[in-house]
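Each chain is listed here by its residues.
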Amino acid sequence: MYQTTYHRASSVDEAVSLFGKSSEAKFLAGGQTLLPVMKQRLASPSDVIDLGKIKELQGVELSGDTLTIKAATTYYDIMTNADVKKAIPAIAYLTSVLGDPAVRYRGTIGGSIANNDPAADFPAALLALGATVKTNKRSIAAEDFFQGLFSTALEDGEIITAVSFPVPAKAGYEKMRHPASRFALTGVFVAQTKSGEVRVAATGASQSGVMRVPAIEAALKANWSPSAIDSVSISASGLLADIHGTAEYRANLVKVMAQRAVAAAS
Amino acid sequence: MSTVKLTVNGKAVSVDVEDRTLLVQLLRDHLNLTGTHVGCDTSQCGACVVHMDGRAVKSCTMLAGQADGANITTIEGIAKGDELHPMQAAFRDNHGLQCGYCTPGMIMSAIDIVQRHGGQLDEATVRQELEGNICRCTGYHNIVKAVLDAAGRMKVAQAAE
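If you're matching them up, the sequences are chains A and B in order.
For the first sequence, my numbering assigns the number 1 to the initial residue and increments by one for each residue that follows.
For the second sequence, my numbering assigns the number 1 to the initial residue and increments by one for each residue that follows.
If we strip away everything but chain A, and leave its shape as in the complex, we get (with noise of 0.2 Å):
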């Protein structure tokens, strides 16, 4: 790792304040992925600007049919909420399946969403349930947020402060995990809204990250069930292609995985 200056932000405010006065910053949650990426030399930040202590940045809450998680919230605190796997248990068991134990005690929504990997998680789940993203400056809808691999709408200095997601009727996720990574071969995340609009997400499929799938939304619009998507056809086009598996092989977990994601739904 490069040398660096490590800072602990006590509030967002002091957080953005560092961030105006340092050449090349970057904000640091969980860490899970900013290391490891400094470690390989890939990132060479001036200053290290720790987020993860900040209070305001931390906890759930459960407000009617808006179910709220704070940009610092851990993946294990994340999982073993009572309001989230009370409102929306897809997301508990997202959480329950993302990295390892280890992993899941410091890594953060926020994190995760911010670095936008095109083959994490949380992304597929806020494309499907119609997120908002909160930030110290403005909210972002999760369409106009997420934008191609490891691209978001923030600005520089720009911090999530929470995730607000609508309490669906049904949602769903289900993914093909890679045995070593953990990180989605595919995942595909169902979600059924209280009004009745389906919405389908898929993450580790694109070249361009995180989609929305139109044809199983289609599909489940008229019948929500496993078998409504047999006859769905998914192009390979544009579809992420590497050592672990093809365009087609993914095409096709697409819809493996939103068949599985819709048995699961509740």
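Worth flagging that the hints you see were computed from the coordinates, not collected in a lab.
Hints should not be assumed to be uniformly reliable.
Computed cross-link-like contacts, DSS-like style, restricted to lysine-lysine with a CA-CA straight-line distance of at most 27 Å [claimed, not checked]:
id	chain 1	residue 1	chain 2	residue 2
1	A	K53	B	K5
2	A	K55	B	K80
3	A	K137	A	K53
4	A	K26	B	K11
5	B	K80	B	K155
6	A	K26	A	K53
7	A	K39	A	K86
8	A	K170	A	K137
9	A	K26	A	K134
10	A	K170	A	K55
11	A	K194	A	K221
12	B	K11	A	K53
13	A	K39	A	K85
14	A	K21	B	K5
15	B	K5	A	K39
In this text, all values refer to a predicted model and were calculated from it rather than measured experimentally.
Given chain A, work out where chain B should sit, using these hints.
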């Protein structure tokens, strides 16, 4: 350079380190607590697992500064004098190790697993929960046996307290 103050195995310590220092480097290189190992250095293998404020974390994937003010327990801190921790004793009795490289991390993760699951542990759960700890010798069979054995011993020990 920064001064990091933390409690390690019950002892308050204050260490001057470069800001890029990892927690595992602080433990091994500055405090000479070399029981915590570095295996992969990429957050996959779990040889570096220690407890921070009671939670099993990968000390190769934390800056020392992030542990400022924390309570750290390493493999050196779990035995009571000459009396092994029940998890250590169970690993010995069940041949839960061969080369021993992964063992400190296995034991620290396993204690965390037992603490989280209490009496609800079965073989499938142990195998699933150990996914962040990699062993290249044992095929995990005796490690899983050791964790299940220790879960019983820890329950008995807790009841006796």
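Hint check results:
1. The hinted pair formed by K53 of chain A and K5 of chain B meets the criterion: a straight-line CA distance of about 16 Å does not exceed 27 Å.
2. The hinted pair formed by K55 of chain A and K80 of chain B fails the criterion: a straight-line CA distance of about 35 Å is larger than 27 Å.
3. Taking the CA atoms of K137 of chain A and K53 of chain A, the gap is about 20 Å. The hint holds against a cut of 27 Å.
4. Distance restraint check for K26 of chain A and K11 of chain B: the Cα-Cα separation of roughly 33 Å exceeds the 27 Å cut-off, and the hinted pair is therefore not satisfied.
5. Using a Cα cut-off of 27 Å, the hinted pair K80 of chain B and K155 of chain B holds, with the two alpha carbons roughly 17 Å apart.
6. At roughly 16 Å between alpha-carbon atoms, K26 of chain A and K53 of chain A fall within 27 Å of each other, so this suggested pair holds.
7. For the suggested pair K39 of chain A and K86 of chain A, the alpha carbons sit about 39 Å apart, so the restraint of at most 27 Å is broken.
8. As the CA atoms of K170 of chain A and K137 of chain A are separated by approximately 31 Å, the hinted pair breaks the 27 Å bound.
9. For the hint linking K26 of chain A to K134 of chain A, the alpha-carbon distance of about 19 Å falls within 27 Å, and the restraint holds.
10. Of the supplied pair hints, the one linking K170 of chain A and K55 of chain A is violated, its CA atoms being roughly 31 Å apart against a limit of 27 Å.
11. The straight-line distance between the Cα atoms of K194 of chain A and K221 of chain A is roughly 13 Å, inside the 27 Å bound, and the hint therefore holds.
12. Straight-line distance between C-alpha atoms of K11 of chain B and K53 of chain A comes to about 23 Å, which keeps the hinted pair within the 27 Å bound.
13. Taken as a hint, the K39 of chain A and K85 of chain A pair is broken in the structure, with Cα atoms around 35 Å apart against an allowance of 27 Å.
14. In summary, the hint linking K21 of chain A to K5 of chain B is supported, as the alpha carbons are separated by about 25 Å, within the 27 Å threshold.
15. Distance check on the hinted pair: K5 of chain B and K39 of chain A sit about 23 Å apart at the alpha-carbon level, within 27 Å; holds.
In summary, the structure is inconsistent with hints 2, 4, 7, 8, 10, 13 from the numbered list given earlier, while agreeing with the others.
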